[in-house]
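Trainee: Chains as they are written, first to last, in our numbering: chain A, 5 to 432; chain B, 67 to 453; chain C, 454 to 684.
Hints listed in this document are in silico derivations from the structure and should not be mistaken for laboratory results.
We put the beta carbon where it would ideally sit given N, CA and C, even for glycine.
Hints are not guaranteed to be accurate.
Straight-line distance between alpha carbons at most 25 Å, and here's what the computed BS3-like set of lysine-lysine pairs gives [what the hints assert, rightly or not]: (1) C:Lys665 x C:Lys507; (2) C:Lys584 x B:Lys68; (3) B:Lys68 x C:Lys568; (4) A:Lys122 x B:Lys313.
Covered, in the sense of this in silico footprint (three residues per stretch, anywhere, with C-beta under 8 Å from a C-beta of chain A), are these stretches of chain B [said to hold, decoys possible]: (5) 76-82; (6) 281-291; (7) 374-387.
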Amino acid sequence: MFGRMIRGTLFRQWKKMLMIAFTIALGASLASAMLSVMLDVGDKVNQELKTYGANIRVVPKSASVLSGLYEVEDGGTGGYIREDELGKIKTIFWTYNIVDYAPFITVDAALENGEKVKVVGSWFDHHLSLPTGEELDAGLESMRSWWELESGAWIDEQKESSGKEAMVGTELAGKLGLSVGSRISLAGKESSDTFTVCGIFDAGGDEDNEIYIQLDNAQALGGLDNKVDSIDVSALTTPDNELAERAAKDPKSLTVAQYELWYCTAYASSICWQIQQALTDCVASPVRQVADSEGEILNKTELLMILITILSLIGAALGICNLVTASVMERSQEIGLMKAIGAYNGSVSLLVLTEVFVTAVIGGTAGFFAGFGFAQIIGHSVFGSSIALRPMVIPIVAVLVFIVTMIGCIPAIRMLLGLRPTEVLHGK
Amino acid sequence: MKKRRMFIRMITASLMRRRSRMIVALLSIAIGATILSGLVSIYYDVPRQLGAEFRNYGANMIMTAADGSFTSADMEKGKKAVPSAELVGAAPYRYENIRLRENPVVAAGTDPEQARAASPYWLIDDGEWLQNSGELLIGAKVADSFRLKVGDDIELSFTPEAEREAAAENKTADDNYKTFRIVGILKTGGTEEEYVYMTMGDLEELTGVSDKIDLVELSVSASSDKLGEYAEDINLSVPSVHASLVKRVTASETTVLSKLQALVLLVTVVVLALTMICVATTMTAVVAERRREIGLRKAIGASNSSIIKEFMGESMLLGFFGGTVGSVLGYVFASQVSIRVFSSSISFRPLLVPITIIISIIVTGLSSLMPIRSATEVDPALVLKGE
Amino acid sequence: MSLLELKNVYKIYGELHALDDVSLKVEKGEWVSIMGPSGSGKSTMMNIIGCMDKPSKGEVLLDGVDISKESSKNLTTIRRDKIGLIFQQFHLVNYLTAVENVMLAQYYHSIPDEKEALEALERVGLADRAKHLPSQLSGGEQQRVCVARALINYPEIILADEPTGNLDEANEEIVVDLFHKLHNEGTTLIVVTHDPEVAEVAQRRLVLRNGKLAKEVINENFTGKIRFTDQ
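Chain A with its partners taken away, still in its complex shape (with noise of 0.2 Å):
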């Protein structure tokens, strides 16, 4: 009987029901939408900030003292990263952290007229096949995303064409007379080899005034082989804390369950010291203007996402409360004829409690799915990748939803409790 009274409600009265349903469904689909793009809009924001380049910078351990110190003549003092080690960088434990690298050399190397320019051989869209089965795409392209083409285009490294193409920074070019499709000889330490101006670049900065080739053909030229100068590391990070800031100074200060949570979590500091790890004596070191500033903007747009979350739980709450106690309330009469027949007050708040919560199972659902794909809509338009479902939402919504609801009927509840069946079936 119990089971027919409840379908009952459902079935005939479904119309009020259905505005039940709703209200929760829109309440879930609210809180499940704002939870789910809280909880991904670091990973999304941390995407986006990859504009601003590496945040990881590795240079070998001799060079992270001397380099740029002394103006050495001869372009080195022998410290130099090995070029065969650059896959072990993924490797590292938050290797999936890492999105993008590029290794660097940098040669003297003279103009057919004498003049000396620098010529840095990196990546471009190195493509990388790694032991782990992942396929990476690496290199300047996207790690330079501010390098403005003035003409031509970035030297593509899969074209069988492209080994002997170079990229000149726009006031190099200006001074030459350089434009696509000049040749320029360049005479390096080593050897000479002549290569074609396939892409003109504005970088705003130094590098205006250098010449970038492929990393193997700057190798040959300055007699470099297997040699490698910098590194440059773009990867995800957290923000820095109290525990990072302490680790990076020196890990060996901390406890060993302290290290076990810094090693585990994507700091820029554990990164740079799996690096450093992972290759033969070089010195990982987070880039502050980025690694710092980047922290910053995530633990803002962070928070803010987090009070914007907050305060529409609040009144996704408060609306189905409200709406709750709005309809059950509204049954005065019928349920003061169930008293009035004889039932009794706990198995009258059972039959409401389990009317409502049924409507809330199927609102909550409907909401949650639906939250699920405004979520989608807002990480499709805004960051152009769909928003991941967190297995932590689903309890969420449902808890916020369960005790809502029941809040909700507690004022109804103790009003039905308070009725006198006479009063109720006589009108007011």
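Following the hints, put chains B and C in place on chain A, whose structure we already have.
Mentor: Just chains B and C now, with coordinates in the frame of chain A:
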């Protein structure tokens, strides 16, 4: 005249004597209005606030000498092109090769306060920020290679232009000396770690050459289009200076900031739409409850239009109160968010108050219109007999 | 001319003939009661006379106007001007005081006048309870407010639907006495009721059965005197 008074009397009676129901409705409208005004305030303020956060990336415009070097008067002239409200920091730098324990080191003279404002990401790893004359801030790599620490006193020397030849000819040059105390060690992860920093005055004293600037780093809180205009202005008005944008910072800021704004906009739209629907359903429920009363009014001779007028009047009054409460609470919420997230206050937008109130009135009005209409269309006899 | 005249009125819901060829005349100042078991068509007839429903066939002349042809908007106007309704469940607006409930009828009719509304309450003996809300009034008091509301606009007809259905005996007597008073003042009364005691005091008693007028009884002993109290 009398009729209007009765109208008002009825509405106030309904609002005052059906207090619990009205509070339910009012609460729901007020929440809707709070979310509306709060989110819209945030939406309008976020670009400004986030823009300020992006200044953490440091200088987005630099002034270099068009030819050789320039003076601080040129710098001041150049700075005038940028509205002072948008100027976060303008740090002049002068670089000289000096010697530290007979090894060459690049020394930079600057205005410490401005440098700090323009490059907020600089980390003083140990010690404190450079403040006074006689103090020296050294890059982490310098500290490392010379094994220097905070508190050490160190003598720097500089060979003036006139003495360079003497030095080249292996004669003892008549160098300038000055002793500094190391107050801090600078970490940036960039080339700054290879320099030593001192006040502009100290560098002038050490070199014996004054009023010379190599570079000014400007951190300006403005869009990249505007920055471009300022740079052009400077280039036109101060011929000795060449201003250019730091593309890496400006281009990336435009991309990321626009995404973040789009995010806040979309979130605002979604939350608002859902909240307004929520308010509408509550109002619908509140009005639908009064079908019997509507039937009675019809039975004793009320025309449909007068019923609609009364009930709408009541709903709209609720909308007005809810909107008023909500616009205040929304402002409180927005300023709390602003203080907590960006540690700055939010500007009060007076226009938002009437807009919030009007939207609340419209939403409540529209959402109660439907159930009122459906109740008036039913025969009063049916309604009075009860379902 | 009669105040109210029904000519061969039918009300048909699908197969069911709720009213089946009913003809009836009510003169000005008359006190008529309509009796009948449930489903006999009482409520339908009451709704039609009260301008809340229209017949399927036939004419209903109220003051010479055929209300079966009027639009529902005009029906509202006619109801407002000519008819005072009294309900079994009283139907007072629960957030308005007694006097405000009476004024509500004035408000829709013409212009609310608190003094006049108080006088109406005084006529039903409720002057001292004018400022009370319906929830603070007893059933009988609520019904008297309802009567005051019905007569405030001097309607041609007062139409009462089971006016004593929700009242105890003492209150029933008070309401019946009120009807006497109204009758003596010249008001036309049509009372639909189950209760033989209430029906019998009327001048004329009509009995409906299966939608047809089955019996008409003239009250020979009608005195118009107030029976129960000396008010």
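Trainee: Compare the structure with each hint and give your call.
Mentor: Hints, one by one, checked against the model:
no.: 1; hint: C:Lys665 x C:Lys507; result: holds (17 Å)
no.: 2; hint: C:Lys584 x B:Lys68; result: holds (19 Å)
no.: 3; hint: B:Lys68 x C:Lys568; result: holds (13 Å)
no.: 4; hint: A:Lys122 x B:Lys313; result: holds (21 Å)
no.: 5; hint: 76-82; result: violated (count 0)
no.: 6; hint: 281-291; result: violated (count 0)
no.: 7; hint: 374-387; result: violated (count 0)
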